[in-house]
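Using my numbering, you'd call the opening residue of the sequence shown number 37 and step up by one each time.
Hints listed in this document are in silico derivations from the structure and should not be mistaken for laboratory results. The beta carbon of each residue, even a glycine, is placed where N, CA and C say it ideally should be. Warning: the hint list may mix true and false statements.
What the hints assert, rightly or not - Just the calculated beta-carbon pair ranges, DEER-fashion:
1) Asn-57 <-> Ala-112: 20 to 26 Å
2) Glu-88 <-> Asp-181: 31 to 37 Å
3) Thr-152 <-> Leu-238: 44 to 50 Å
4) Pro-145 <-> Asp-87: 21 to 27 Å
5) Leu-238 <-> Pro-210: 26 to 32 Å
6) Pro-194 <-> Leu-144: 35 to 41 Å
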Amino acid sequence: MASINPENLYGDRLFTSLERNDPAAGMLLLAAPGMPSPEFARSVIFLIEHDEHGTLGVDLTQRSQTPVHNVLEPWAPLMAKPPVLYVGGPVNQTQPICIGVVRNGAALPEETDSITGAPLMERIAHRFALVNLGVEPEDVRDRIDGARIFAGYAGWDPGQLEEELGRGDWYVAPALPSDVLAPAAADIWGDCMRRQPWPLPLYGTYPVDVRDN
């Protein structure tokens, strides 16, 4: 009996036949097993924006070795462990993006930054919010359960993500606060795959390179 290449089980054979969720802010993109772009293998992209102008998100799986207190010291106590910068993607890595998980029952602050007029926090979806790093951390400390700071982001031009979804490169899934605030030991991609509809949990241990099996 001929061996089966797991990569061929996805794309137009399986991944695109699963029930689809539409991409939207606050959702996840889970890289398909056999993702054709090596830089996105086993990646989990948290979507911040998705509209007619394109798509923007950050990779939850790529930690750097740079402690937050080395670059944004006042914000370090508000970070979930490990309190390091995450590499959100290849675009604009000099611009930090902070995503906070809003505390249950907490309202977003109505105040704006006294200098720029920008909101202290801006809701993305559900309990997720963009945190304005230009304000004092004390202004938002009591509103969030934790946060992550990402250097850079991943971006798609209008229609580009839909094309990749159509060929089965990604699976769209709801995000949980624990995905954004996952500890260092967590296998975020595997954990997210294991809670998806059957048969995706079977692939929760699929390696970056199938030759590693």
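Right, here's what the structure says about each hint:
A hinted range of 20 to 26 Å is violated for the C-beta pair Asn-57 and Ala-112, which are about 35 Å apart. Between Glu-88 and Asp-181 the CB atoms are about 32 Å apart, so this pair conforms to the stated range of 31 to 37 Å. One distance hint, 44 to 50 Å for the beta-carbon pair Thr-152 and Leu-238, holds here, with the actual separation near 49 Å. In this structure the hint that Pro-145 and Asp-87 lie 21 to 27 Å apart at CB holds, the actual value being about 25 Å.
For Leu-238 and Pro-210, the hinted distance range of 26 to 32 Å is not satisfied, since their beta carbons lie about 20 Å from each other. Range check, Pro-194 to Leu-144: about 29 Å between beta-carbon atoms, so the 35 to 41 Å window is missed.
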